[in-house]
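**Q** Residues per chain are reported as follows:
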Amino acid sequence: MVSVAASGSLGTVAETRVARERISLTSTLRAVFRNSAVLVVFFGLWQVLPSVGAVSRTFVPPFSAVVAAWWELLRTGQLLSAVAASLQRSLTGFALALVVFIPLGLLIGWYRKLGVFLNPLVELCRNTAALALIPVFILTLGIGQVSKIAVITYACAWPILLNTISGVRSVDPLLVKSARSMGLSSLRLFQKVFLPAALPTIFTGIRLAGATSILVLLAAELQGATNGLGYLINVSETNFQIPDMYAGIITISMIGLIFNAILVRLERHFSTWRSSNA
Amino acid sequence: MTAKIELRGVAKSFDVRRAARGANPVVIEALADINLDIRSGEFLAVVGPSGCGKSTLLDLVAGLDLPTAGDIRIDGDVITGPGLDRAIVFQQYALFPWRTARDNVEFGLEAMGKARYSKNERKERALQCLSLVGLDGFEDRYPHALSGGMKQRVAIARSLAYEPDVLLLDEPFAALDAQTRESLQDELLRIWRHTGKTIVFITHGIDEAVYLGQRVAVMTARPGRIKAIVDVPALGASDEEDLRSHPDFVQCRHEIWKLLRQETAPPEPWLASEATPASLVRAPHERAAALVDVSSRGGAPW
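Listed in order, the protein sequences are those of chains A and B. Numbers 141 to 418, taken from this note's numbering, label the letters of the first sequence in order. Numbers 0 to 301, taken from this note's numbering, label the letters of the second sequence in order.
Treat the hints as calculated values from the structure; they're not laboratory data. Keep in mind it's a predicted model, so treat the numbers as computed, not measured. Check before you lean on any hint, since a few could be wrong.
[Claimed, not checked] Straight-line distance between alpha carbons at most 35 Å, and here's what the computed DSBU-like set of lysine-lysine pairs gives:
no. : chain 1 : residue 1 : chain 2 : residue 2
1   : A       : K332      : B       : K226
2   : A       : K332      : B       : K118
3   : A       : K253      : A       : K332
4   : B       : K257      : B       : K226
Looking at chain A on its own, in the form it has when it is part of the complex (with noise of 0.2 Å):
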């Protein structure tokens, strides 16, 4: 009577976990597909509509042969050498804006009156466009490398300042008090209250700064490179070699998606103690 309600039981639970992994196989299908029906939708339109000849072939191709000359670029290696030469400096510009900028905001947030002091520049500089300054960076810097760079570190400091000093800034006043009950110093209430307090938001910035690292990343490269994802785009161009150009454009989008998509991915790691990601 026993074994053949418990057999009864376990029979149930394996029918339920085998229904509940085809539920969760359909679901997790149909979820790929709400999140991914509208590109099939836009890339279908851009197959269909340069084929019945509803745009012009010649400045819009068809998908297929952007893809085409897509692969055609990463078999020949030209994709790899311009992907890995923009990438160097996105990825350079980006870590000397954290270097240099989450210390400085740390520093502001902590010291009121050095941000009192340095608040106007910091409006200034933050409402001037990275890409207004590229001749700036060029006439001092030269055309080479480190103009690139200096754009892409500029561009990036703003979310970085800005984020960590508002992060340092909104710490709770109760948990200092309640550190400082505990007879904190003010370093070690800076390292265990103020720094972890402050990473979320700092995290925000950082997530921004890498964004906006690739965003700005193609305007640098448009003048005076000789390699590049915005070098490749810009030749294909002038050279009428239109598929090209949109392999280039695509490619670039794609390095923007999957370093966002790593930066949110740690942004979640640091910031699991806050309710809402939980």
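Mind docking chain B on chain A? Use the hints.
**A** Relative to chain A, chain B alone:
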């Protein structure tokens, strides 16, 4: 019994800037001429009307702020700052949200330095304290995954972990529902009997004060003074009985109620809530540490 903490002629005033621009700062007298002896190992409850400076009094004893006049001594030494001989428990828990329950309890131990506690000893001590407040098995939970009552238990465990002589509680159960509050009150009494700490318990609830305290200090309206100290009759250890309906309890409760009724709430709107003076006015050195300027909130983005 000897005095653990002595307050002699303690006064505290704040400069409050009015909301209107250009107005001169107004000096608010929060506490005036406080004389109080807190005995070693006693449970002292402090009640007073809203805005009478109860929390300010606790901040002073905690060493988070310094009195404008008079002095506060603990074991005969003048209090000049915070120390691990005194622990404070806040109404809003003040748990570090990025730390698990266990790591929160370990915070004070970390502040003591590695010389006092090794990593393993810290962990052991934290688990022991969490167990003392009835939170076995919750050590890996983050605060956002705990109920209000559990958060306050963690906060109490954190304050017990570094073995202070004095526990200072600032309306710790005011934000909890009635049932949770009652069970935590009993837990606190149990912990007090178990550890023999000196406890100063701020509350605005007369029932709570009489139920918990051996003595109840009644404060006047602002500027806060000690109006009277009422001895709570020992009602025996008959735990099964509903102490709150005991005639002696009712009598004592009524006595404090009469004392408090004579104190009227201050008319100024910015003092209507007693949270206001503390959050509006911060001592300069604390402001430097907190770096949060209330006036700039919602203004510039940083």
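**Q** Hint by hint, note whether the structure agrees.
**A** Checked hints:
no.	hint	in the structure
1	K332(A) <-> K226(B)	41 Å, violated
2	K332(A) <-> K118(B)	16 Å, holds
3	K253(A) <-> K332(A)	23 Å, holds
4	K257(B) <-> K226(B)	12 Å, holds
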